[in-house]
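Position chains Y, R and E relative to chain C; hints supplied.
Number of protein chains: 4
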Amino acid sequence: MKADKNTVSQLLKTARGQIDGILKMVEDDRYCIDIVQQVMAAEAMLRKVQTQVLSAHMKTCVKNAQTDAEKEEKIDELIQIMTRISK
Amino acid sequence: MKADKNTVSQLLKTARGQIDGILKMVEDDRYCIDIVQQVMAAEAMLRKVQTQVLSAHMKTCVKNAQTDAEKEEKIDELIQIMTRISK
Amino acid sequence: MKADKNTVSQLLKTARGQIDGILKMVEDDRYCIDIVQQVMAAEAMLRKVQTQVLSAHMKTCVKNAQTDAEKEEKIDELIQIMTRISK
Amino acid sequence: MKADKNTVSQLLKTARGQIDGILKMVEDDRYCIDIVQQVMAAEAMLRKVQTQVLSAHMKTCVKNAQTDAEKEEKIDELIQIMTRISK
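Chains as they are written, first to last, in the working numbering: chain C, -16 to 70; chain Y, -16 to 70; chain R, -16 to 70; chain E, -16 to 70.
So here's chain C without its partners, still in its complex pose:
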């Protein structure tokens, strides 16, 4: 992976901490809407990870692809990811 390891790991650990918090909220029978808002916050954190990893990927692997075959492979992967994201 080409993104900064520390940054990405930190974001992932934050998301994991949020999920632990949500598990506790579920245990404590907290209000549904409060739980949903925390779930959305954790999703936003994962989307940040996704953006960071994809950006770094494009700035290195995609940019540095040399042969036509290599470029095509990288771009096909990106198109697949983008199509899934935009669903």
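Honestly, I wouldn't trust all of these hints.
Since copy identity is lost for identical chains, a pair holds within one copy or between any two.
[To be verified] In silico BS3-like pairs for lysine-lysine, Cα to Cα no more than 27 Å straight-line:
1. -15 x 7
2. 46 x -4
3. 46 x -15
4. -15 x 54
5. -4 x 42
6. -4 x 7
7. 31 x 7
8. -4 x 54
9. 54 x 31
10. 42 x -15
11. 31 x 70
12. 31 x -15
13. -4 x 31
14. 42 x -12
15. 7 x 42
16. 7 x 46
17. 42 x 54
18. 7 x 70
19. 42 x 70
20. -12 x 54
Note that these hints are calculated values from the structure, not bench results.
Same frame as chain C, now just chains Y, R and E:
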């Protein structure tokens, strides 16, 4: 919370397990696109949690609201959530 | 429909105007990224329509449902819509 | 634009036709949920346009970028678009 506690906790623990897996992938310097795909899978798991909690909320709290003031409060909360989701 | 007809029609006509603009951009062979940005703007306009119509629906049809059967029907419809939106 | 003009124009015209249909539904005071479903169908059509245009853009403009400066410019544009899409 009105959704089934066991189901919701299980989904959250699965998402947490996925995040642990992604942290290990980052540590092992795995390929960016593989990491992104796992992040998207964890997001999908959290969206499942969100849908389950919101559905149960509507089938109980929203459905059972009695006074007009209570109904309005529940519906305003839902509109806010829905507006954020559809962004 | 319970949302304000004029507001909703105006938003829809704006979206239609944006699509006409995009058709012209395609005809004129404009730059892909500029086209994509206009497409995203038109999607955002449609999401605004969606939010307006759903909000008004909840504030009237859902709020005023009387019998349990009627409430359940309205809530099931909402859950289906919400599940599709959050995909 | 690098995507097939006829295909893209056809999708855009379909979306415009859907919007005309929704305007008529609003005029005829049709049921909110039916309107929302049609709005979502039009959004899906625009997302198809977006995917087509972006895919063609990547397969040509991004792939054929020659200098490092050119590659960086194309990739920065893509990152911006991808970040907006994944919001």
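What hint numbers does the structure not satisfy?
As far as the earlier hints go, 2 and 8 are violated by this structure, in ascending order.
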